[in-house]
Each structure stands twice: as structure tokens, then as C-alpha cells.
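Start from chain A and add chain B according to the hints.
If you want the building blocks of each chain, they are given just below.
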Amino acid sequence: MVQKARRKALMIALAGSALMMATAAKAQGTLVLYCSVQEEWCRPMASAFEKETGIKVSMTRKSSGETYAQIKAEASNPRGDVWWGGTGDPHLQAAEEGLTEAYESPKMAELHDWAVKQWKGSQGRTIGIYAGALGFGFNTKQVASRGIPEPKCWSDLINAKLKDEVQVADPNSSGTSYTMLATLVQLMGEDKAFEYLKALHRNINQYTKSGAAPAKATSLGETTIGITFMHDMVTMVVNGGPVKVVAPCEGTGYEIGSMSIVKGARNLDNAKKFYDWALTPAAQKLAEEAKSYQVPSNKNVVPPPQSPKLADVKLIDYDFAKYGSSAERKRLLSKWDNDVKKLPK
Amino acid sequence: MRPSTRLLFLLALCGFGLLPWYFTEGMGLRTLGWLSGYPLGKGGSGLALGLSGTAPWLLPGGAMLLLAGLAWPRQDEQRAATILLWAGALGFLLFFLQGFAITLRGQGIPWLAALFGAQGAAQAGMGPGALVTLVGMLLLFCHGLAYRGFCRGDVFTCSMIGLLILMIGLFIFFPVVTVLKGALIGNAGTFDPGAFLDRFLDSSIWGLGCLTRDVSCGVAWNTLLLAVLCGAITTLLGLASALLILRTGMPAKWLLRALTVLPIITPPFVIGLALILIFGRTGLVSNVLYEWFDVPRTRWIYGLPGVLLAQVLAFAPIAFLVLIGVVQGISPSLEEASQTLGARRWETFSTVTWPLLRPGIANAFLIGFVESMADFGNPLVLGGNFEVLSTKIFFAVVGAAHNEGQAAVLAMVLLSFTLGAFWLQQRWLGKKSYTTMNGKGDAGLPTPLPRRVSWLASATVIPWVILTVVIYVIILTGGFVKSMGRDYTPTLEHFLTGFRIDFSRGFYFEGAAWDSFFTTVKLAAISAPLTAIVGLLAAYLLKRQTFQGRGALEFSTMLSFAIPGTVLGVAYILAFNVPPIEMTGTGLILVIAFIFRNMPVGVRSGIAGLSQIDKSLDEASATLSARSATTLWRVVLPLLRPALIAALVYSFVRAMTAVSAVIFLVSAEYNLATAYIVGRVEAGEFGLAIAYSSVLIVVMALGIAIIQFGVGERKLGRRATETGAAPVVAGV
Chain A
4 MVQKARRKAL MIALAGSALM MATAAKAQGT LVLYCSVQEE WCRPMASAFE KETGIKVSMT
64 RKSSGETYAQ IKAEASNPRG DVWWGGTGDP HLQAAEEGLT EAYESPKMAE LHDWAVKQWK
124 GSQGRTIGIY AGALGFGFNT KQVASRGIPE PKCWSDLINA KLKDEVQVAD PNSSGTSYTM
184 LATLVQLMGE DKAFEYLKAL HRNINQYTKS GAAPAKATSL GETTIGITFM HDMVTMVVNG
244 GPVKVVAPCE GTGYEIGSMS IVKGARNLDN AKKFYDWALT PAAQKLAEEA KSYQVPSNKN
304 VVPPPQSPKL ADVKLIDYDF AKYGSSAERK RLLSKWDNDV KKLPK
Chain B
66 MRPSTRLLFL LALCGFGLLP WYFTEGMGLR TLGWLSGYPL GKGGSGLALG LSGTAPWLLP
126 GGAMLLLAGL AWPRQDEQRA ATILLWAGAL GFLLFFLQGF AITLRGQGIP WLAALFGAQG
186 AAQAGMGPGA LVTLVGMLLL FCHGLAYRGF CRGDVFTCSM IGLLILMIGL FIFFPVVTVL
246 KGALIGNAGT FDPGAFLDRF LDSSIWGLGC LTRDVSCGVA WNTLLLAVLC GAITTLLGLA
306 SALLILRTGM PAKWLLRALT VLPIITPPFV IGLALILIFG RTGLVSNVLY EWFDVPRTRW
366 IYGLPGVLLA QVLAFAPIAF LVLIGVVQGI SPSLEEASQT LGARRWETFS TVTWPLLRPG
426 IANAFLIGFV ESMADFGNPL VLGGNFEVLS TKIFFAVVGA AHNEGQAAVL AMVLLSFTLG
486 AFWLQQRWLG KKSYTTMNGK GDAGLPTPLP RRVSWLASAT VIPWVILTVV IYVIILTGGF
546 VKSMGRDYTP TLEHFLTGFR IDFSRGFYFE GAAWDSFFTT VKLAAISAPL TAIVGLLAAY
606 LLKRQTFQGR GALEFSTMLS FAIPGTVLGV AYILAFNVPP IEMTGTGLIL VIAFIFRNMP
666 VGVRSGIAGL SQIDKSLDEA SATLSARSAT TLWRVVLPLL RPALIAALVY SFVRAMTAVS
726 AVIFLVSAEY NLATAYIVGR VEAGEFGLAI AYSSVLIVVM ALGIAIIQFG VGERKLGRRA
786 TETGAAPVVA GV
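The listed protein sequences derive, respectively, from chains A and B. Position in the first sequence (first residue = 1) + 3 = the working numbering. Position in the second sequence (first residue = 1) + 65 = the working numbering.
Hints listed in this document are in silico derivations from the structure and should not be mistaken for laboratory results. In this text the structure is predicted, and so the values were computed from the model without any measurement. A couple of the hints might just be wrong.
Claimed, not checked - With a cut-off of at most 27 Å between alpha-carbon atoms, the simulated BS3-like pairs for lysine-lysine come out as follows:
{"id": "1", "chain 1": "B", "residue 1": "K246", "chain 2": "A", "residue 2": "K333"}
{"id": "2", "chain 1": "A", "residue 1": "K195", "chain 2": "A", "residue 2": "K164"}
{"id": "3", "chain 1": "A", "residue 1": "K247", "chain 2": "B", "residue 2": "K587"}
{"id": "4", "chain 1": "A", "residue 1": "K266", "chain 2": "B", "residue 2": "K246"}
{"id": "5", "chain 1": "A", "residue 1": "K302", "chain 2": "A", "residue 2": "K120"}
As the list claims (entries may be wrong) - A few chain B residues that don't get close to chain A, going by computed Cβ distances all over 10 Å:
{"id": "6", "residue": "F215"}
{"id": "7", "residue": "G345"}
{"id": "8", "residue": "T347"}
{"id": "9", "residue": "R409"}
{"id": "10", "residue": "W411"}
{"id": "11", "residue": "G449"}
{"id": "12", "residue": "V462"}
{"id": "13", "residue": "P528"}
{"id": "14", "residue": "V534"}
{"id": "15", "residue": "T556"}
{"id": "16", "residue": "E558"}
{"id": "17", "residue": "W579"}
{"id": "18", "residue": "Q613"}
{"id": "19", "residue": "S681"}
{"id": "20", "residue": "Y741"}
Virtual Cβ for every residue (Gly too), placed ideally from N, Cα, C.
With the rest of the complex left out, here is chain A (with noise of 0.2 Å):
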């Protein structure tokens, strides 16, 4: 009997400790990186810090959305250790459900107040790494030959000349639009902004599927006018497209690109090793080589010439804590759908 134990007890230490070998074998050098921003800025991102700490990278990109519809329904058993950009919406809702870590990184100091903001309202889950302003842009040869104003506020939209002239994403698919949504509510208050709303779906040709879809449109001449964040507006206009962007005048709202380590990461000393590395300037100087023109989140960095200069932007008080829940969120898109989209053209 007591052999009989005895010899169970050896098989499971034997079978331990083949376990916790295999376990540090796999701890020496690994990471899973889910990145959410262009692909030309992810790779670099995964090969800079390959090369910088010699920890392998697997890098997946996909869109904020899909990430975190990956991250829930991996939450059993999570694969990835760190999910890095993407608009802050979805980073804050995994925060909310548990399913990302609380950090606090050393490199905390040199960051702009709005990334430890974020950091602050999400009980240390989720870190800005970068900010952008919404905005709009306007194809110049369309709004030429229409013979009307260049638009600059946002009441400039709801001219009746530009009847199916002005494209924008649908907030319930995409991020941007919600952005968009939660902005106008802030910046007129609920009746108003919903007002204006139901006058700027006169004007809109197309609601489309994916937040940065109105700015290809608008550089094509597809459309008129697009609504998206300023800076995918920026990107069209530096690869040569007829396109002006615009901060509108009244004031407007902004996205915090966010980072979040997944709960239960495998690779959890190398996810914050990221982590860390990712605030600091070298690694946010990264986003201009790759035609991202967002206002990276570390003090220390200069921005890009081309982006939008925050300080030039009327941005308002943007309340990331309320119009991120998830509860405020279901509110208004199920107010839009009923209220807005309904309507007849």
C-alpha cells in the first residue's frame, strides 16, 4: 500500500516536473501579439522588439472588433499575451468583462495625461498608446464642381447641396461611427445631436461596414465628403488623393488607441516586457515610418509633421468611462437605429 503511494507520488512529480521543463522551455523566448492597426506598422512593431530582446514574435493582425470578439471566445483557455492598438472601445469593454490584466508599467511618467487617463478609468487594464481627432475630409475636385463652400463644421454637412454626398461608417459595425455618435451627443446634448443626426441621414449615400472605408471612398471621389478619424483622411492625402482634411470647428471628439494584456497570458513576463518597450519612444517613432499619422501617447516623442496637431483641434471633454460602458453603448445604437436609421431618405 504504502509502496503503492509512494510510487504515485514519484509518477507525479515525474510527470510535474516533464510538465514545468516543457513550461520553461517555452518561457524563454515567446510572444503572441494580436495587433489591431495596419499591418504595415505591426510588423515592424513585432520585428523591432524581436530584434531588440530576442524573444520570438507571433503576430496575428485584425481589426479591434474581431480581436476582441477572438479574446471572449478564448477566454476559457486564452491564446494571445498581448493585444496592441486598435480604438479604445473595445480594449475598455474587455476591461470591463475581466478579460484583460491590470499592469502598471514603469514607463507610466512619460506618458500624456489622456493615455494614463484611460489607464486610470479602466482600474489599470487598458493604456493609450496613441491618440487621433475624428474628423472629415472632402474630395476637392467634387466639391468644386458642385460650386458650394469648402465644409468646415459639422453644420456644414447637412447642406442640403450635398444630398448623398457624405459617407459614413455604421456605428453599430464599426468604431469610428460610434466615436462619431458618442461625440455629437456630447458636444450639442442627446435631443439636438439626435436631431442633427436624423438631418445628416438625408445627406449620407451609404453607411458603410468598416470605419476607415469612407476615406478610400472620398480620395476615389465616390463620395463627397467622408467622416472618419483624421488621420486615415491624412494617409489618403499623403498617397496623392484630392482630399483636404478638415477638424471641424465646433469642437470634436478622439479615439485612444489602446494596449491590453490578456488575461491568463501564457506569456505573461514577456507580455509586460512588450508592454513596457511599447510606450517608449523609440518604439511610438515607429508609427510615422509606416504612414500612421496618430499622436503617439509618450510625451517624448515629436509627432509626425503630417499629422493632425492636437493642440489645433478644439477637442471637448471626452468621457471615455461613461460612453465606453457597455450598457450607455447598447442605449444610443439601439436610439439610432430606431430613431435615425429607420427614416426614410
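Chain B in isolation, oriented as in the chain A frame:
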């Protein structure tokens, strides 16, 4: 016990006693580190782990396996059958249940785990040992059934049916049930049937406002309308081209054949993209119309017309592939008989040829209908404000609303439409006989089409051909200009970004697209033959064997086809991320997703082909004492070559072009070309996307050529004289 059963028993014994039971990370034949401590440790065998006390819950199943061994010396088949039936069923059940009961810590089925004496224990996902043992137990049970006289006592047939049921249950039903459960979960995360009703009766699904006012209709009606139109038009085009190619002296048949194949080897988004560049507001045609005829530029392409156009271009070739096999298979002797009896060409066509085409038409329509419902890429690019279920489901999962309950309800609506279509098709075909190949010598020459039919067919096909040519000119030049639609400076930039090879360091694949490209080709090449095998085997069993629940099985093979890719992707992640079947992040999950998503085309074309081959051919083979496996291989398969080609081509191509199903399943190590292209499209880099797509088109064309060449043509009757063969009895 028969020798085959003994072999099977030994295999199952190996699986339990020798092979590594669990699936461990880093498992592979190149590095053997995971085998440390064998036969114990992570790579240990089921027997060793069970006896050593690491996983004692494996022992009851193992005992059943040994019990099955008692049948070994039995000469009396009935006695052996009793043992095999009991031991097989119980062993299978025990192994199966322990897998689901004991998974990760804090999950699984606690009360069941307690029954196995494993409260609070945890185990990894099933590995090769578990797979072999489980399948072995199942097959022992099937052998027992065959001994009892099921499937006319044929061991092979019985085993295949058992395997098919297991696979469908595991890879279709299990994930789908997992995801559909979400429909009954309320917003608060608890069970709430009321939430289901609320979501189901929502006016955004069933609203009919568009009939009276200028608002959009419910998404269910939109989808249905689109799918019916798409099914009808693709069938018409497919039939017209099949008739033109096989039954007329039309010139340039090769061109039509090539053009009908091109659209299916085109990755999604690309046809939609090209349509925008042609018919969009600043597209080529719109420019010409505006400048020459002052036709105002409009946005008509965004919405129902555009999506329908793109879908017809994309799916008509599949209808063509299905129908050409059927038209080819119609025995000319029947038509000759009709003409001998004095019928004119039109009369022969309408009373003989047309009725014989019915199974093909029903199948082609069904495929077009279901394809349209499951299509995701084209509505995404061209949908405008015209919403369909597949995109709505996708954005219910990944969009800002993150509403999985709604996604599950929408998935149910979509599923009921596709299944309804399947039921209607069955009713229309009824129980009539469509047999034309009976092995009694087939000596006719096909009748030329009546003139009015061939005119009609040409009038349908020619505009389609022209549009297809224009689209491919756009696609193939799109990769070589700076920015399609704006700047037409020729450049190689896009190809270099994607496919640069650095020769200075030997042979280094530097381009950004190489990784995903190699993975895609590899996985497609693996999954295509497997898909074809599973599909045709299923078709053979369904059409040629009689067993209880055949109808239900046929129905469930169609199920995965009816499930939109997005739902399947999410379902696979939810179902296969945790033990007992843990395979997310591997290439295996992609291969399995491809097999079970594309299998239905193999099944449909196999069934359409088989309904033309007289059963007496099988029976002749059986009379000559061939076993059913031999009959399948030597008699049926050669006659099914068109179906085999359709299945192989379709699954190869779909594995290379699938988007919605795989977008959740790709991982860092296994990224796919389409996922990469979608990323490029999202980033507005149409140039690289089109360049990559054209590379894929070339690769798929090569793949299809290899398949066509490897499988070869079916040789039937006197029609084979072109190649110089003497008239032979059909293919035997």
C-alpha cells in the same frame, strides 16, 4: 472474428497502449522533446497514464477494449457480434464522456467527472492515441453491426457510415449547437427565452416597410430576394454554357470554358472591387456615359444590383461545373430513340432532355441559392445600404455592438432559409428515376440543340462573357498600375512589396506576402483531396446504400454549407479552443474547417452524378464477388470523374479564397492569403490586394490544370472515339 476486425482491434490496442494519448504543444516529428518521460509524461500512452494513476479515468474504456478482444477466437459471428456491439459502444461512450467531463480546471461537466472519480482533475486535449482508440472502438461497434446483417453484412459500408456520422456530429453539429446556444442567453448572461423572442421578432429582420415607403426592408427579405435571383440566374447561365459547349458547334469553346472557370478562382472582394472600378461613380463606364451621353453618374452599383451582379459572376461557374457533368451524362440513345419515333428536335429537347436535366438544375439552383446566402465578401464591398444576413451576423459579432445573441438568432434565420430550400428541392425532384448510364452499351451521338434554344443560350452567355473579360482585364492590369481609378502610371511596386525574393542571401523570401502565400497553398493542397474523398464517399453511401436515418444524414451534410462562414468560424473557436478537442491556433483547425465547409459540393455533385449511373453496374460488380470498396474504386469512381473534378477544384479553390470562415481561425503561424488581402483592402491598398489576388489566380489556374490532368476525362460510349478508343461498355 474476420481478419479485418482483428486488424482493427490491434490498431485500437496500439492507440491505447502505445501512441501518445494527449495533444501536447510542440508535438511533431522533428523535435521529440515533448516525448520526455514516455510512456508517462505529457506524451504518454493512455494505458500507462491510466495505470500509473495520472489519468485513472481512462481505464474503464480500456477495459472495454480488452473485452472486445474476447471476440477474437470466436468462429460464430453472432456471438462475436454481441461482444463487439457491447464492448464497442460502451468503450466509445466511456472514452467520449471522460473527454467532455474532464477538461480544464473548473470546466467540463463536474458531476460526470465525479462519476469517473476525477473530481477537480484536469486533462489536455485528445491526441493521436485518443483519436485512434476512439475511432477504433466506433469501428468495432460498426463491425458488430455488420456481423448482425446491417448494410447487407458489408463491413466497409457499415464502418464508413459510422465514421461519417461521427465526423458530422463532431465537426458540424457540436460547434453549431455551441454557438446557437447563444440565442437563448440574455444580455445579462443568463438563460432567457424571452430575449430570444425579442430578437427574433425584431422589425430589422422581418420589416416590410420598403413595399410602401422609402425605407429599407427587413434583412431576412433582402437576403431571400437576393438568393432566389442569384440561384435562378446562375443556373440559367450555367445551363446555357453547358449546352453551348456540349451540344453546339459553337466556335471558341475553349474561351468559354476558361472564362467560366476564372471567376471561381478569383479571391473575394476582387470582383466587387473591379465592379466599382467599372460601374462606380467615377468608374470607367460611368465616365464614358457621362462624358459622351451626359448620363448622370449614379450609385446604382451599391446595393442589390451590384451585389447580385458580383454574385452571379462569382457563382455561375459552379452551376456550370455541376450542370456540365449532368448534360454530359444524358445518354444520347434516349434522344435518338425519341427522334427515331418521329419527334422533332424541340420536342425531344422538351420531353426527353429537359426532364433528365432536372436533378442537375435543382442542384445548381440550390448551390447558387445557398452560396449567395453565405457570401460575405461581395455584400461587404458592394452592399451599400442593402443589408444581408451574412454581413449583419459578422458585424453583430465583431462590430461595436458585440451582440452575440443577435448573431445567433440571425444565424438561425439564415439556417432555416437554406434548409427550407433543400427541402423544396427534394420535393421537386420527387422519387423519379434519372438514370441514363446503365452499362448496356451507349451508342448514340448527342443531338444538337434546337435552334431557338441555342440562340437563347448564346444571348444569355455572350454579355456575361464580355463582362467577365472586362473584369479580368481590370484585375490583371490593376496590380501593375500605381493606383487603380486615379493614377495609371505603370509600376511593379505592388508585386515587389508582396513577393520580393532576395537573392543576395541565397534564396530569401523577403516579400510581405510570402508567409501567408505558402501556408495557403499548403493547406489548400492538403484539404482538397480530403474534402473530395469525404464528399464523394458520403454521396456514395447516401445514394447507394440503404440504412435507417439516411435522410437525416443527407440533410446534415448540407448543414455546414448552409451555415455562414462567420458563424462557423466563431463556432469552431468556441468549440475547439478547450479540451477534449483543442486545436485552435493550429493548421489542423483550418484544414478541418475547409473539409466540412466545402464537402457539400462534393456530396451534391456526387449525388447528381450517381443518380445517372444505374445500380446494376454496382450489382454486376458485386455479383463478380468484388467487395464494396473495390466496386467503389474500380466502377463507381471512374464514372464519377466529373463529380470528382468538381469536388477537387471547388475545395481547392475555396480553401484558397475563403474569407469569413477563416478570419477567426487564422493565427500568427497559420495566416492565410485572404485574411492578408482583406487587411490590405481595409487599409485602402487596393494595388497590393489586386496584385496578390492575381498571383493567387495564376496559382489556382495551375492547380486546376493539375487536377484536370491528374483525374482525366470520363470515357463514355462512342463519344470516346475522338480519342481513338473503340466503343466500350461504360468505363468498366
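So, going through the hints one by one against the coordinates:
Between B:K246 and A:K333 the CA atoms are separated by roughly 21 Å; this keeps the pair inside 27 Å, and the hint holds. Only pairs whose Cα atoms come within 27 Å are accepted, and A:K195 paired with A:K164 is accepted, the gap being roughly 22 Å. Taking the CA atoms of A:K247 and B:K587, the gap is near 45 Å; set against the 27 Å cutoff, the hint is violated. The straight-line distance between the Cα atoms of A:K266 and B:K246 is roughly 25 Å, inside the 27 Å bound, and the hint therefore holds.
A hinted pair counts as satisfied when its Cα atoms are at most 27 Å apart, and A:K302 with A:K120 qualifies at roughly 14 Å. Non-interface call for B:F215 relative to chain A: holds, since the shortest CB-CB distance, roughly 40 Å, exceeds 10 Å. Against the 10 Å criterion, B:G345 falls within the reach of chain A, whose nearest CB is about 6 Å from its own CB. The beta carbon of B:T347 is not kept farther than 10 Å from every beta carbon of chain A, the shortest such distance being approximately 4 Å.
Its beta-carbon lying about 53 Å from the closest one in chain A, B:R409 satisfies the requirement of being farther than 10 Å from that chain. Look at B:W411: its CB is around 48 Å from the nearest CB on chain A, clear of 10 Å, so calling it non-interface holds up. With a least CB separation of 5 Å from chain A, B:G449 falls inside the 10 Å interface cut-off, contrary to its annotation. Chain A draws B:V462 into its interface by the beta-carbon criterion, the shortest separation being 5 Å against a cut-off of 10 Å.
Look at B:P528: its CB is around 25 Å from the nearest CB on chain A, clear of 10 Å, so calling it non-interface holds up. Every CB of chain A is more than 10 Å from the CB of B:V534 (nearest about 23 Å), matching its label as outside the interface. Non-interface call for B:T556 relative to chain A: holds, since the shortest CB-CB distance, roughly 13 Å, exceeds 10 Å. With 10 Å as the threshold on Cβ separation, the claim that B:E558 sits away from chain A holds: the shortest Cβ distance comes to roughly 12 Å.
Every CB of chain A is more than 10 Å from the CB of B:W579 (nearest about 13 Å), matching its label as outside the interface. A cut-off of 10 Å between C-beta atoms confirms that B:Q613 is not in contact with chain A; the least separation is 37 Å. Residue-level check passed: B:S681 sits 52 Å from the nearest beta carbon of chain A, beyond 10 Å. Consistency note on B:Y741: stated as away from chain A, yet its beta-carbon is not over 10 Å from all of that chain's, at 8 Å minimum.
Consistency with the previously given hints fails for numbers 3, 7, 8, 11, 12 and 20, ordered from lowest to highest.
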